[in-house]
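Construct the complete structure from the given sequences, taking the supplied hints into account.
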Amino acid sequence: MSIPRKILLAGMVAGMLSASALSASAEDIDVAALVEQTGVVGYAGQSVWKGMQLAAEKVNESSRLGDYKLKIEIKDAASNPATTAALATQAAKSDAVAILGPALSSSALASAPIAQREKIPMIAVQSNTEGVVETGEYIYRLTAPFYTYNDLTFKHLADEGVKKVALSFISNIPSVAGLGKDFAPKWAKEYGMEIVASEGTPFNTTDFSTTIEKLVAAKPDAIGLYHIDTQLTGLITGLRRAGFEGKLFVYNINPSTLEAVGDAADGLLMSIDYSPAMSDPSSKEFTDSFRKKFDDDPTIYAANGYDAVLFLSAALEKVIKAGNKPDRENLLAAISEVAQTGFAGASGDTTFDDKYHRDARVNGVLVRFDKGKPNILFSGKDR
Amino acid sequence: MLYEQLIINAAVLGAVFTLFALGLSLTWGALDVLNLAHGATFVTSAWVATSVYSAYELPLASAMLVGILTGGMIGVVADLVAFKPIRLLITNKRQAELSMVAATIGMGFVLDRIIGRATLDQVFSFPARAFPYKDFHIFGARISNIEIIILVLTFLCAVLLNLWISRSRQGMAIRAIAYSAKIPPLLGIHVDRMSAATMAIGGMLAGLSGTLMTVWVSGMAVSTGHSFLLKGFAIVVLGGVGSIRGCVLAAFILAFAETGIVAFGAGNLRDLAAFSLIVLILLFRPQGLFGTRSAMRA
Chain A
2 MSIPRKILLA GMVAGMLSAS ALSASAEDID VAALVEQTGV VGYAGQSVWK
52 GMQLAAEKVN ESSRLGDYKL KIEIKDAASN PATTAALATQ AAKSDAVAIL
102 GPALSSSALA SAPIAQREKI PMIAVQSNTE GVVETGEYIY RLTAPFYTYN
152 DLTFKHLADE GVKKVALSFI SNIPSVAGLG KDFAPKWAKE YGMEIVASEG
202 TPFNTTDFST TIEKLVAAKP DAIGLYHIDT QLTGLITGLR RAGFEGKLFV
252 YNINPSTLEA VGDAADGLLM SIDYSPAMSD PSSKEFTDSF RKKFDDDPTI
302 YAANGYDAVL FLSAALEKVI KAGNKPDREN LLAAISEVAQ TGFAGASGDT
352 TFDDKYHRDA RVNGVLVRFD KGKPNILFSG KDR
Chain B
402 MLYEQLIINA AVLGAVFTLF ALGLSLTWGA LDVLNLAHGA TFVTSAWVAT
452 SVYSAYELPL ASAMLVGILT GGMIGVVADL VAFKPIRLLI TNKRQAELSM
502 VAATIGMGFV LDRIIGRATL DQVFSFPARA FPYKDFHIFG ARISNIEIII
552 LVLTFLCAVL LNLWISRSRQ GMAIRAIAYS AKIPPLLGIH VDRMSAATMA
602 IGGMLAGLSG TLMTVWVSGM AVSTGHSFLL KGFAIVVLGG VGSIRGCVLA
652 AFILAFAETG IVAFGAGNLR DLAAFSLIVL ILLFRPQGLF GTRSAMRA
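Each protein sequence line maps, in turn, to chains A and B. For the first sequence, counting from 1, position 167 maps to 168 in my numbering; every step adds exactly one. For the second sequence, counting from 1, position 264 maps to 665 in my numbering; every step adds exactly one.
Warning: the hint list may mix true and false statements.
With a straight-line Cα cutoff of 30 Å, these simulated DSS-like cross-link-like pairs (lysine-lysine) come out [unchecked claim]: (1) A:165 / B:535; (2) B:583 / A:374; (3) A:285 / A:72.
Here are the in silico distance ranges between beta carbons for each label pair [claimed, not checked]: (4) A:280 / B:546: 42 to 50 Å; (5) B:519 / A:244: 31 to 39 Å; (6) A:289 / B:528: 57 to 65 Å.
Non-contacting residues of chain A with respect to chain B, defined by C-beta distances greater than 10 Å in every case (computed) [stated by the list, open to error]: (7) 44; (8) 159; (9) 201.
If you are wondering where the hints come from, they were derived from the structure by calculation, not from laboratory data. Note that the Cβ used here is the ideal one computed from N, Cα and C, for glycine as well.
What follows is the structure in structure tokens.
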């Protein structure tokens with residue numbers, strides 16, 4: 002009786018050892034995704050998360066990370082800077098090797114100093130404001146700032162013979178206000194156009210009737226609307242109802258807004274960092290796999306989330322192939338290397354800025370919406 | 402720019418503000434409930450109307466009616482679930498008022514998140530084909546059919562509500578409740594029933610303004626309710642809590658002030674009008690333009 006018991010015990014120990022060896026061979030690399038699932042940018046965050054999930058799935062299905070598996074844990078940043086800062090502190094104290102997100106500018110500004118201080122690499126998406134990557138060497142941003150490709154619209158307008166432009170913009174969201182107040186007038190001047198009206202409104206404005214009268218009264222050939230989606234519905238339909246037949250352009254618009262606006266959005270122009278209509282191989286691969294997984298067209302937010310994970314996994318691949326441990330310090334060094342060379346993602350060829358080498362740059366495309374569908378007019382590559 | 406057009410724009414904006422603020426003023430004035438879920442009720446009603454329209458292809462008017470009834474229902478449920486227990490359990494009036502404000506914050510948050518989840522916090526709307534817009538011209542200025550509907554319905558609601566409050570038996574009962582919660586039961590007034598009715602009317606007004614707003618600007622999102630709540634609060638304070646006439650006058654003062662600032666000044670200063678008015682009123686006439694309740698209490 003005693004011998005079989007010993008054999009049984011030995012067998013159990015051997016089994017446990019082999020199980021632990023198995024689990025060690027497929028070790029998780031923890032990553033904290035501080036992405037907004039609720040609140041004002043919840044719609045963007047939910048999309049970002051879909052893109053991240055898709056990319057993580059692809060990375061884990063491939064053998065890029067050897068025996069390691071990427072394990073991204075989502076935490077709802079709730080569109081709230083204080084919540085995001087608390088989550089960043091939590092992530093810094095955990096085993097996570099990096100933070101992905103957030104998407105809201107103010108949340109990125111609140112969490113970036115924490116990531117920098119705690120020496121954990123942070124890859125923000127969206128967060129189109131100054132002061133994010135400037136925080137320090139641990140902070141990257143995987144969404145090219147609007148001003149790096151929105152000039153495409155002005156190039157097209159100039160080609161179309163537009164001479165007079167009116168602008169309407171949100172005055173109290175710095176990244177958007179900057180487009181309307183500083184960059185758009187600069188591009189208009191570069192392409193020989195005159196700004197005939199410029200109207201700033203707070204982001205909580207719901208009535209645009211008088212703004213519309215002022216814009217139309219200036220008799221522009223084109224009107225630029227640097228506004229959030231809840232405002233675009235009233236602005237676009239209002240301008241068309243007021244008889245404006247010229248060109249309209251935006252910096253961003255979501256599918257549900259296009260649907261709400263209906264025919265009034267026909268001919269709407271938008272410079273963007275990603276469109277499902279893009280034909281670059283890496284963009285097409287993303288679009289096709291997203292459609293397959295989610296049975297829907299991806300948004301720019303999903304593309305940004307996807308690219309953030311691709312960027313991170315490219316760095317992790319370098320660390321692992323060099324035989325190093327995928328910890329924060331090794332990862333940061335590898336991230337910096339990837340940033341020097343760039344990579345191909347959902348937004349096409351992605352490089353980084355000349356000053357910090359931490360802020361993404363893409364070619365961008367100019368799209369025109371016809372019956373709610375985007376058609377690419379030209380790419381930033383053809384500038 | 403035509404001055405006639407500015408007047409029309411301001412009048413329509415004033416009407417939209419009035420419709421929203423009437424319900425807020427009514428419940429605050431009559432029940433001492435500063436209903437911070439009013440903005441969420443406004444959005445929820447509009448979302449239900451658009452969803453019902455899309456799902457069942459109802460005529461627009463029927464879908465809007467569903468939206469209005471949803472607003473009323475939210476008001477009744479809020480009264481039964483939160484305000485009635487507070488009235489029963491907390492005898493200290495000031496503490497009860499604070500508890501009710503806290504309850505409305507919670508309800509507003511829950512409604513916001515339900516709609517936020519359902520819409521992914523994106524814009525929702527009636528389909529563009531749901532309402533055929535038509536413009537009319539008066540002295541060279543333009544006014545659309547939906548704007549005429551908004552103006553007419555606002556006028557009717559304000560007049561009927563004022564008549565109901567000032568002339569009807571139920572209105573008198575509500576005014577009695579507003580004066581004192583203890584005396585009306587002695588006079589045979591059913592406080593719970595009148596409170597539920599008041600909340601229902603407040604909710605229906607939120608529902609009406611929400612559905613009309615969705616048609617007028619071709620869409621709405623959860624955040625729209627927050628913007629309106631801020632303006633509604635300013636209007637009620639300016640007009641005098643519980644005063645229907647004050648509410649209408651304040652809504653139009655605010656709308657004309659905002660329109661004037663946008664037309665002749667900088668559009669980014671439009672909120673300055675609302676908050677400057679609040680500060681001025683609080684400084685010089687804390688009871689508001691028609692603040693009769695304070696006088697009665699004094």
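Status of the hints after comparison with the structure:
Under the criterion of a C-alpha separation no larger than 30 Å, the hint pairing residue 165 of chain A with residue 535 of chain B is consistent with the structure, at around 29 Å. For a cut-off of 30 Å, the pair hint linking residue 583 of chain B to residue 374 of chain A is broken: about 63 Å separates their Cα positions. Straight-line distance between C-alpha atoms of residue 285 of chain A and residue 72 of chain A comes to about 25 Å, which keeps the hinted pair within the 30 Å bound. Taking 42 to 50 Å as the suggested C-beta distance range, the pair residue 280 of chain A and residue 546 of chain B conforms, at roughly 44 Å.
Distance hint for residue 519 of chain B and residue 244 of chain A: a CB-CB separation of about 35 Å, consistent with the stated range 31 to 39 Å. Range check, residue 289 of chain A to residue 528 of chain B: Cβ separation about 29 Å, and the 57 to 65 Å hint is violated. In this structure residue 44 of chain A is not separated from chain B by more than 10 Å, as the shortest Cβ-Cβ distance comes to only about 4 Å. The claim that residue 159 of chain A lies off the interface holds: its Cβ sits roughly 27 Å from the closest Cβ of chain B, which is beyond the 10 Å cut-off.
Its closest Cβ contact with chain B, about 4 Å, brings residue 201 of chain A to no more than 10 Å, contrary to its assignment away from the interface.
Violated hints for the displayed structure, listed by number in ascending order: 2, 6, 7, 9.
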